[in-house]
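Asker: Chains as they are written, first to last, in my numbering: chain A, 1 to 314; chain B, 315 to 628; chain C, 629 to 895; chain D, 896 to 1162.
These aren't lab readings, by the way, just hints derived from the structure by calculation. Treat the hints with care, since some could be wrong.
Which bits of chain A does chain B cover? Going by a derived footprint, with three or more residues having C-beta under 8 Å, they are [stated by the list, open to error]:
# : segment
1 : 73-83
2 : 106-118
3 : 256-270
Derived lysine to any residue pairs resembling SDA-like cross-links, with alpha carbons at most 20 Å apart [said to hold, decoys possible]:
#  : chain 1 : residue 1 : chain 2 : residue 2
4  : A       : K212      : B       : K626
5  : D       : K981      : C       : D807
6  : D       : K975      : C       : T674
7  : B       : K330      : B       : K402
8  : C       : K694      : C       : L630
9  : B       : K626      : A       : E292
10 : C       : K703      : C       : L630
11 : D       : K961      : D       : N984
12 : A       : K9        : A       : E292
13 : B       : K402      : B       : S437
14 : C       : K635      : D       : K1154
15 : A       : K212      : B       : A418
16 : B       : K402      : B       : V359
17 : B       : K402      : C       : R873
18 : D       : K1138     : D       : R1117
19 : D       : K1138     : A       : P60
20 : D       : K970      : A       : G18
21 : C       : K871      : B       : G613
22 : D       : K975      : C       : M709
23 : C       : K871      : B       : E373
24 : C       : K703      : D       : T941
25 : A       : K212      : B       : K402
26 : A       : K126      : A       : G18
27 : A       : K212      : B       : E373
28 : B       : K411      : B       : V428
29 : D       : K960      : D       : E928
30 : A       : K212      : B       : K330
31 : C       : K838      : C       : R873
32 : D       : K970      : C       : G675
33 : C       : K714      : D       : K1154
34 : A       : K9        : A       : E293
35 : A       : K312      : B       : Q527
36 : C       : K705      : A       : P67
Every residue gets a Cβ at the ideal spot worked out from N, C-alpha and C, and that includes glycine.
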Amino acid sequence: MQPSKSALKTVNTEVKLGPLTLRNPVITASGTYGFGEEYAPLCPVERLGGITLKGITPEPRLGNPVPRLAETPSGLLNSVGLENPGLKEFMTTYLPKVRKLPTAAIANISGFCVEDYIHMARSLRKESGLAAIEVNISCPNVKHGGMHFGTDPASAEQVIAAVKAETDLPVIAKLSPNVTSIVAMAQAAARGGADIISLINTLLGMSIDIEKQRPVLANVMGGLSGPAVRPVAVRMVWEVAQAVGIPIIGMGGILSWEDAVEFLLAGASAVSIGTGNFVNPLAPLRVIEGIEEYCLRHGVSAVSELTGLAWKEN
Amino acid sequence: MQPSKSALKTVNTEVKLGPLTLRNPVITASGTYGFGEEYAPLCPVERLGGITLKGITPEPRLGNPVPRLAETPSGLLNSVGLENPGLKEFMTTYLPKVRKLPTAAIANISGFCVEDYIHMARSLRKESGLAAIEVNISCPNVKHGGMHFGTDPASAEQVIAAVKAETDLPVIAKLSPNVTSIVAMAQAAARGGADIISLINTLLGMSIDIEKQRPVLANVMGGLSGPAVRPVAVRMVWEVAQAVGIPIIGMGGILSWEDAVEFLLAGASAVSIGTGNFVNPLAPLRVIEGIEEYCLRHGVSAVSELTGLAWKEN
Amino acid sequence: MLLEDAKIVAHEIMGDPESGMRRLVLRSEIAAEALPGQFVQLKVSTGLDPLLRRPISIAGVDQDKKEITLLYRLKGKGTKMLAQAKIGNVLNLLGPLGHGFTVPQNGTLYLVAGGIGAFPLLPLAQEAVKKGLEVCLCWGGENQGFFESAGLHLWQALGIDIQVSTMDGSMGIRGNVLDILNNYEFAKTAQVAVCGPMVMMAAVNEFFVKTDFVVEASLEERMGCGVGACLGCVCTLQDEQGKLRRGKVCKDGPVFKAKEVVWNAAL
Amino acid sequence: MLLEDAKIVAHEIMGDPESGMRRLVLRSEIAAEALPGQFVQLKVSTGLDPLLRRPISIAGVDQDKKEITLLYRLKGKGTKMLAQAKIGNVLNLLGPLGHGFTVPQNGTLYLVAGGIGAFPLLPLAQEAVKKGLEVCLCWGGENQGFFESAGLHLWQALGIDIQVSTMDGSMGIRGNVLDILNNYEFAKTAQVAVCGPMVMMAAVNEFFVKTDFVVEASLEERMGCGVGACLGCVCTLQDEQGKLRRGKVCKDGPVFKAKEVVWNAAL
Ligand SMILES: Cc1cc2nc3c(=O)[nH]c(=O)nc-3n(C[C@H](O)[C@H](O)[C@H](O)COP(=O)(O)OP(=O)(O)OC[C@H]3O[C@@H](n4cnc5c(N)ncnc54)[C@H](O)[C@@H]3O)c2cc1C
Ligand SMILES: Cc1cc2nc3c(=O)[nH]c(=O)nc-3n(C[C@H](O)[C@H](O)[C@H](O)COP(=O)(O)OP(=O)(O)OC[C@H]3O[C@@H](n4cnc5c(N)ncnc54)[C@H](O)[C@@H]3O)c2cc1C
Ligand SMILES: Cc1cc2nc3c(=O)[nH]c(=O)nc-3n(C[C@H](O)[C@H](O)[C@H](O)COP(=O)(O)O)c2cc1C
Ligand SMILES: Cc1cc2nc3c(=O)[nH]c(=O)nc-3n(C[C@H](O)[C@H](O)[C@H](O)COP(=O)(O)O)c2cc1C
Ligand code: FES
Ligand code: FES
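Required output: the full structure, derived from the provided sequences and hints.
Answerer: Quick look at the structure:
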């Protein structure tokens, strides 16, 4: 069943996600790659399609107490709790360094009311040197009784529209998987004007220390990521890609190039690697190389042609 | 931190889940243990707290085409598609054998409209010799445009109430985890009169064969089970146990006694083992033994005292 | 049916390392029970990766030594991990599982194998030879190298008639196993056992429809439990009235009457 | 910082097998860079189980042989799997990581260890001895057996002053390490390095508050990345004005100025 080797020698790895063009489809995921410096000694930044920065909020946050991490079967629970230096410190201390990163840098913003998002979007425009803004809507809306932006289509639409109105950068809506209908959430993001959809954020989970008879995480619950969640993530990308006409950044449990190709075939235009970096800091590089070789082997001249192949007629 | 060995010599393993009393808290999960005969040569049935039978529907079903299974990191996707002999054949061919099983046998019923459930509940009453009925509401309601019973609280309440009205057996509502709010679903089941809540059913997922560029499962999507989902399952048990005053059967990824204790501490009164049987057919036995030893070590005289210890004051 | 930790007494590469064939011998009580065509479900690691057991046919039994032989080809993660297991290590086995081949009482036994489909046929051949039956193996493979790595010598040791075909003509007839059958003179009373890819088995079944030989086919399907409890591994069968039903490859099979199998089932 | 596959050159049980202590020596380029108090993130299996790397302190460095020594105690799944690794096997290492101890230029160096907290102090002691400093180790453990298994001989080989305490009085002072400190005559100019359980380190910090010794403490926290990218491993620090901030144990630490650490932080 192995397709015969084709005469192809090179592959066009560039991908266009609406207004966002990346040199290749491999991004690193928010919250797992700091502000882009930490992994630089190990994984050459100029080889990455992009880096998504740690999520920021208008004000600095100390985040949750420790323990913040718990390992689970093929997965990782985290409850970092959006620790970040706040918008101001980000702009003055981090952004100047981020601008110099030789790859597309994507800001990730989180808020607890619509005004939070608006406030940040105003500062994050093309002149910032950023490539795009990813809007993390997996937070409780404190002005609406803690109902999550990420689980209520109307709130999600409102937040995305508000951000879109304030910035001239491409806007990526990052969706939470903890919903009955991911398609409904994606459609809401589309109505709000999102240029790109990114999925999935973490699944809500927890684990218990049976000797202490208490939750392992100080925050009780945390977000599940890593290979364990990949089947859920691939399913959501598959569903959204067919229902909504917006490019998708797929993520959730990518460790190897095979995992990444699964997401592309399911309908993603690019992929993001989070927890995989912790396991293998060279994962992004290996994924890029592997996707290229896969294209060569299958006679595919551009990575972008892989998007949705598993459901498109071919 | 190890608690000192206590003088306890025996542990009361009996658990009462409302009207359902089990000799111990370890059940096998529906769809993974046939009608109770297949594993009998390996794992002594009389040691089990109970067996949940394969899900039945009013009419026989051939189920989905193969491949029906796909292995994922620490998980298993299945799309059996409710293959079963139908109610009539179940009553005539299987029930006589099931009645002889030396443990509590729990029927599991699935339907595509409320009438389906009513029809089956009428035949499954105390005189059948069954211990309880588990109502699987993770199916599309074909009379309501395919909206799943398991994702719409009103439908779930209606189905449970209808079953409850027809049978004198304890009614277990088996919830799907593919919802924004598991608590809302559990509350609906409680309003419908459920005696017990069982969670979780499988998470909707898929995987793609990157060489064939097609989904692995013939049915495209399937249900994810196994250790990968455990953090999500434990979280849902934790949430529901604190929000709804009905006993819970916890399941999702239990392989070892440690896993089972996690569910009990989170608030389950009993646990169910599904995929774990495939990995280790002696898993149920090892879990029962392990829970007992854990109780002895911790000076707990009855397994039922473990329920919810991780959030109760102690 | 046993669940046991079996010690590895031999584990070796067969033939060309490139072909990825392995011979694994385990000290196992299963040897006392195993019938030709049955299989085991093997746990290749003690951890969660990979999660599920792997089904492997029992390719040889030594009741005196209490040993079973498994022959396998490296395929994906599971078989690659299995290949790391060392002599003296212990592997958890569940078996013997399923319903195997019927060993004929008399007449000729034709064995038709495609690729590594020969593995489960080996104990059947041994049993039939022991009974003094005429046994003939028709075996299709890619090339000569394949046969050398897939245990041809084990078959030659039986002293039976062996016909092979290769796609590249490097050994035996050029073509597939059907090309052997097409040129073969069959006995009057015979039974056929076939194992190989689905399309090949379907063609072999078709080929023998004109005869009144009983054809038994050993199917393969992805497995969960291996004992008939999960309905993960089904095939589609039809009775003489054409009524469809499911068969469990792990329990009702892996060996089925070929004429009962719906070969082109996409349902 | 390197990512490399390092070959195991030695892997052995230390002392009483029951105590679960292991010595692991790896051929690694990390030897050229490692500073006292730094650690590595080790992948204990090639598969997904367990998923994350395990942080282990560098307990010895041989720059000439390009070898690093790790000492570890079996705790859960990861360290148990690590214990299975054989000489000649390869383990994937990320390191050296973090900021280690300051090696003092002069004066006395007091090392205060609780249990296996002694491991990261060993290279610091070696470095200080090499510099000709006065070094003293105050080490608390459960019982005599613990010290024999936890590498006491490695310390004795340094020829430094060693004070131990045991909970059962089977060796040294009966009590914990604080009981040693309480009965100890300290030099005027000194620096302190401490590693052990959080409560013990908090107490040691408290103990030295009255002195003007610089106290450095090596913290432990669950880690994701090990390089400062995930914010999984933080501790809480305060500056002189009492303003709180987070420190990353993996990158800003594992060694911090003890007086900056908020020891009882539940925030
Ligand atoms: C009854 C039976 C007998 C078998 N006997 C042998 C034998 O004697 N020698 C031999 O080399 N192989 C045999 N196989 C095939 C063998 O089970 C697969 O090659 C093996 O499971 C592949 O596992 P993997 O992890 O290496 O591959 P992967 O492709 O990584 O496996 C992924 C998943 O798919 C399943 N899978 C993949 N291929 C098959 C397949 N062909 N059949 C069933 N499940 C599959 C695996 O079990 C696993 O769950 C037999 C299969 C069956 C059903
Ligand atoms: C900077 C640093 C240096 C260390 N140096 C050593 C050393 O030299 N020798 C030694 O024996 N141990 C050392 N440890 C502790 C060692 O990392 C843990 O014992 C080990 O991770 C336990 O893994 P496990 O799978 O066996 O245990 P499990 O309890 O099964 O581990 C479950 C999860 O919790 C994490 N975890 C558990 N205990 C600890 C812990 N104490 N610290 C951090 N993470 C933990 C694991 O890494 C894993 O992610 C060090 C820890 C840190 C942070
Ligand atoms: C430690 C950690 C921190 C994270 N922080 C953020 C964040 O700040 N903003 C965000 O949108 N997603 C955050 N995520 C989610 C990831 O970006 C990603 O969506 C998720 O982890 C799934 O991908 P993975 O399985 O490859 O990790 C975080 C994930 C982890 C593991
Ligand atoms: C092969 C298979 C078939 C299943 N069939 C049913 C079913 O018929 N009815 C049902 O309510 N749940 C069914 N389930 C779900 C299980 O009962 C259980 O809720 C789920 O698998 C989570 O538990 P586990 O991780 O221990 O397997 C099935 C699961 C598997 C793996
Ligand atoms: S593998 Fe479970 S029924 Fe066959
Ligand atoms: S482990 Fe990731 S920041 Fe320290």
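Asker: Take the hints in turn and mark each one as holding or not.
Answerer: Hints and how they fare:
1. 73-83: holds (count 4)
2. 106-118: Three-residue rule not met by the segment 106-118 of chain A, so violated; n is 0.
3. 256-270: Holds, because 5 residues of the segment 256-270 of chain A bring their Cβ atoms closer than 8 Å to Cβ atoms of chain B.
4. A:K212 x B:K626: Roughly 13 Å between the alpha carbons, so the hint for K212 (chain A) and K626 (chain B) holds.
5. D:K981 x C:D807: 51 Å, violated
6. D:K975 x C:T674: Between K975 (chain D) and T674 (chain C) the Cα gap is close to 12 Å, so the pair holds against 20 Å.
7. B:K330 x B:K402: Measuring from Cα to Cα gives roughly 31 Å; hence the hint is violated.
8. C:K694 x C:L630: 14 Å, holds
9. B:K626 x A:E292: 54 Å, violated
10. C:K703 x C:L630: Violated. K703 (chain C) to L630 (chain C) sits at ~26 Å, over the 20 Å cutoff.
11. D:K961 x D:N984: At roughly 17 Å apart (the allowed maximum being 20 Å), N984 (chain D) and K961 (chain D) satisfy the hint.
12. A:K9 x A:E292: 10 Å, holds
13. B:K402 x B:S437: Given pair K402 (chain B), S437 (chain B) holds - Cα atoms ~9 Å apart, limit 20 Å.
14. C:K635 x D:K1154: 57 Å, violated
15. A:K212 x B:A418: With a Cα-Cα distance of about 33 Å, the restraint between K212 (chain A) and A418 (chain B) is violated, given a limit of 20 Å.
16. B:K402 x B:V359: 25 Å, violated
17. B:K402 x C:R873: 16 Å, holds
18. D:K1138 x D:R1117: The hint is violated at about 24 Å.
19. D:K1138 x A:P60: Satisfied, since the Cα-Cα distance of roughly 13 Å is no more than 20 Å.
20. D:K970 x A:G18: Violated: K970 (chain D) and G18 (chain A) sit about 50 Å apart, past 20 Å.
21. C:K871 x B:G613: 59 Å, violated
22. D:K975 x C:M709: 19 Å, holds
23. C:K871 x B:E373: This hinted pair holds, its Cα atoms lying about 16 Å apart.
24. C:K703 x D:T941: 18 Å, holds
25. A:K212 x B:K402: 50 Å, violated
26. A:K126 x A:G18: Given that 20 Å is the threshold and the Cα spacing comes to 16 Å, the pair holds.
27. A:K212 x B:E373: Measuring from Cα to Cα gives roughly 49 Å; hence the hint is violated.
28. B:K411 x B:V428: Answer violated: K411 (chain B) to V428 (chain B) is near 28 Å, above 20 Å.
29. D:K960 x D:E928: 13 Å, holds
30. A:K212 x B:K330: 25 Å, violated
31. C:K838 x C:R873: Outside the cut-off at roughly 25 Å; violated.
32. D:K970 x C:G675: 16 Å, holds
33. C:K714 x D:K1154: 53 Å, violated
34. A:K9 x A:E293: 10 Å, holds
35. A:K312 x B:Q527: With Cα atoms ~10 Å apart, K312 (chain A) and Q527 (chain B) stay inside 20 Å; holds.
36. C:K705 x A:P67: 33 Å, violated
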